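Enquirer: Those sequence lines, one after another, are chains A and B. First residue of the first sequence? That's 1 in the working numbering, and the numbers climb one at a time after it. First residue of the second sequence? That's 1 in the working numbering, and the numbers climb one at a time after it.
No wet-lab data here; the hints were simulated from the structure. Careful: at least some of the hints might be erroneous.
List of simulated lysine to any residue pairs, SDA-like, C-alpha gap at most 25 Å [to be verified]: (1) A/K145 with B/A131; (2) A/K206 with B/H77; (3) B/K88 with A/K112; (4) A/K206 with B/Y57; (5) A/K112 with A/N219; (6) B/K88 with B/A131; (7) A/K162 with A/E33; (8) A/K206 with B/P97; (9) A/K5 with A/N109; (10) B/K55 with A/K100; (11) B/K107 with B/H77; (12) A/K55 with B/H157; (13) B/K162 with B/F137; (14) B/K85 with B/E33; (15) A/K22 with A/K5; (16) B/K145 with A/K22; (17) A/K100 with A/A134; (18) B/K145 with A/K145; (19) A/K162 with B/E126.
As the structure is a prediction and not an experimental result, all values here were calculated from the model.
There are 2 protein chains.
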Amino acid sequence: MRPPKVLFFDVNETLLDLTKLKQSVAEALGGNEDLVSLWFTTMLQYSLVTTVSHKYYNFGEIGAASLRMVAANYGHHLSDEEAKKVLKPIRSLPAHPEVKEALSRLKANEFKMIALTNSSDEVMREQLENADLAQFFDDNLSVEKAGKYKPHRDVYHWAASKAQVDPADCMMIAAHGWDIAGAIWAGFMGAFIARPEQQRYLLAPKPEIDETDLLKVANTLIALKHSR
Amino acid sequence: MRPPKVLFFDVNETLLDLTKLKQSVAEALGGNEDLVSLWFTTMLQYSLVTTVSHKYYNFGEIGAASLRMVAANYGHHLSDEEAKKVLKPIRSLPAHPEVKEALSRLKANEFKMIALTNSSDEVMREQLENADLAQFFDDNLSVEKAGKYKPHRDVYHWAASKAQVDPADCMMIAAHGWDIAGAIWAGFMGAFIARPEQQRYLLAPKPEIDETDLLKVANTLIALKHSR
Chain A
1 MRPPKVLFFD VNETLLDLTK LKQSVAEALG GNEDLVSLWF TTMLQYSLVT TVSHKYYNFG
61 EIGAASLRMV AANYGHHLSD EEAKKVLKPI RSLPAHPEVK EALSRLKANE FKMIALTNSS
121 DEVMREQLEN ADLAQFFDDN LSVEKAGKYK PHRDVYHWAA SKAQVDPADC MMIAAHGWDI
181 AGAIWAGFMG AFIARPEQQR YLLAPKPEID ETDLLKVANT LIALKHSR
Chain B
1 MRPPKVLFFD VNETLLDLTK LKQSVAEALG GNEDLVSLWF TTMLQYSLVT TVSHKYYNFG
61 EIGAASLRMV AANYGHHLSD EEAKKVLKPI RSLPAHPEVK EALSRLKANE FKMIALTNSS
121 DEVMREQLEN ADLAQFFDDN LSVEKAGKYK PHRDVYHWAA SKAQVDPADC MMIAAHGWDI
181 AGAIWAGFMG AFIARPEQQR YLLAPKPEID ETDLLKVANT LIALKHSR
């Protein structure tokens, strides 16, 4: 494994702790926490339904529509406005405890770092500001500019071209199996962060790095860089 | 609305009652029925993850991988073999109670009828035989032959070309909001069957027909044909 030239970071769950958002969603779904995962997965499914139909709506619209659909299946009726209010905590989530230290070390070791998220451009900027992470990134990319959701192959190729490097010189760092699978199939290297309730996609190739938090990923990358 | 020249039918949930499959999955997930929806949605999400990565695995492989991933998140560890055994009831599901009568009436009124499913070719044939529905269809199409999952636009265009008609002369009949949304965005007409725990995709155009069972859909189509 060669050290990657550019590190791409997923944002939601990978860098940011979604607990506050999950609590808000669970409350809207009658306190049933199992339905929070169902909502999140439905949102991801419908982001891809939209992409394979050659359409685009922003992640907030798809998230709110998905919440209303899941809620209706369990007898809870939400207006579009109510659903968007439930999802508002996504804009002000804290970073996971080890994230700042990990990003600082990578930055000190001169890695080029870019955020690459399904969140809209506006929400991404608010998220990184509010979590005090904006200063670590050389660039911030929302899929909004590509018009397709991750893990569509075109998104990773677009991101690599924005960074002016080959896909083979890129590494995707994410806590979602689907993001790592799509990135690897697009020719990137991958680092999976196995946060609680996250699994690798079992039909995809194994990523180069598979760790339980971002600090371990950072230390592996730094050691690799210095071993050359 | 003009009468469609060809009716395309989704199979799982639309024609077939998934109760036996859901019971088997719930049992493998510690009896928690909310997790059955999470498994089914995860399978659909990962079928699209595979498609947007320009890969193809059959629906049984993706279903089993998704079941193992959901199970692992809740502390249940399943081998690939065990997961496939859990999903075996999908091959021998009964039709929903009104389906045979509805298909008979449509057939008697000379509609051209084609099954169009995400199931593999082999599983689709077994499903239609076991539910005693095979005799109603002029053709049976599995997405396996298209190499992409519904609701990718290309699947509907491929299906229309197999039937030698324009997309505008086709109607997709399905109990899944994503299937109807994708079909409509591909230029088909749509008939949504609002079975329990099924919702239309709120960001997609409304389908021409929105009913609670297939017999009502059939009666609407037959009345339309005779009103011309």
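Enquirer: A separate judgement is required for each hint: does it hold in the structure or not?
Expert: Right, here's what the structure says about each hint:
no., hint, verdict
1, A/K145 with B/A131, "violated, 47 Å"
2, A/K206 with B/H77, "holds, 19 Å"
3, B/K88 with A/K112, "violated, 48 Å"
4, A/K206 with B/Y57, "holds, 17 Å"
5, A/K112 with A/N219, "holds, 15 Å"
6, B/K88 with B/A131, "holds, 15 Å"
7, A/K162 with A/E33, "violated, 39 Å"
8, A/K206 with B/P97, "violated, 45 Å"
9, A/K5 with A/N109, "holds, 12 Å"
10, B/K55 with A/K100, "violated, 36 Å"
11, B/K107 with B/H77, "violated, 46 Å"
12, A/K55 with B/H157, "holds, 16 Å"
13, B/K162 with B/F137, "holds, 14 Å"
14, B/K85 with B/E33, "holds, 18 Å"
15, A/K22 with A/K5, "violated, 34 Å"
16, B/K145 with A/K22, "violated, 40 Å"
17, A/K100 with A/A134, "holds, 11 Å"
18, B/K145 with A/K145, "violated, 33 Å"
19, A/K162 with B/E126, "violated, 48 Å"
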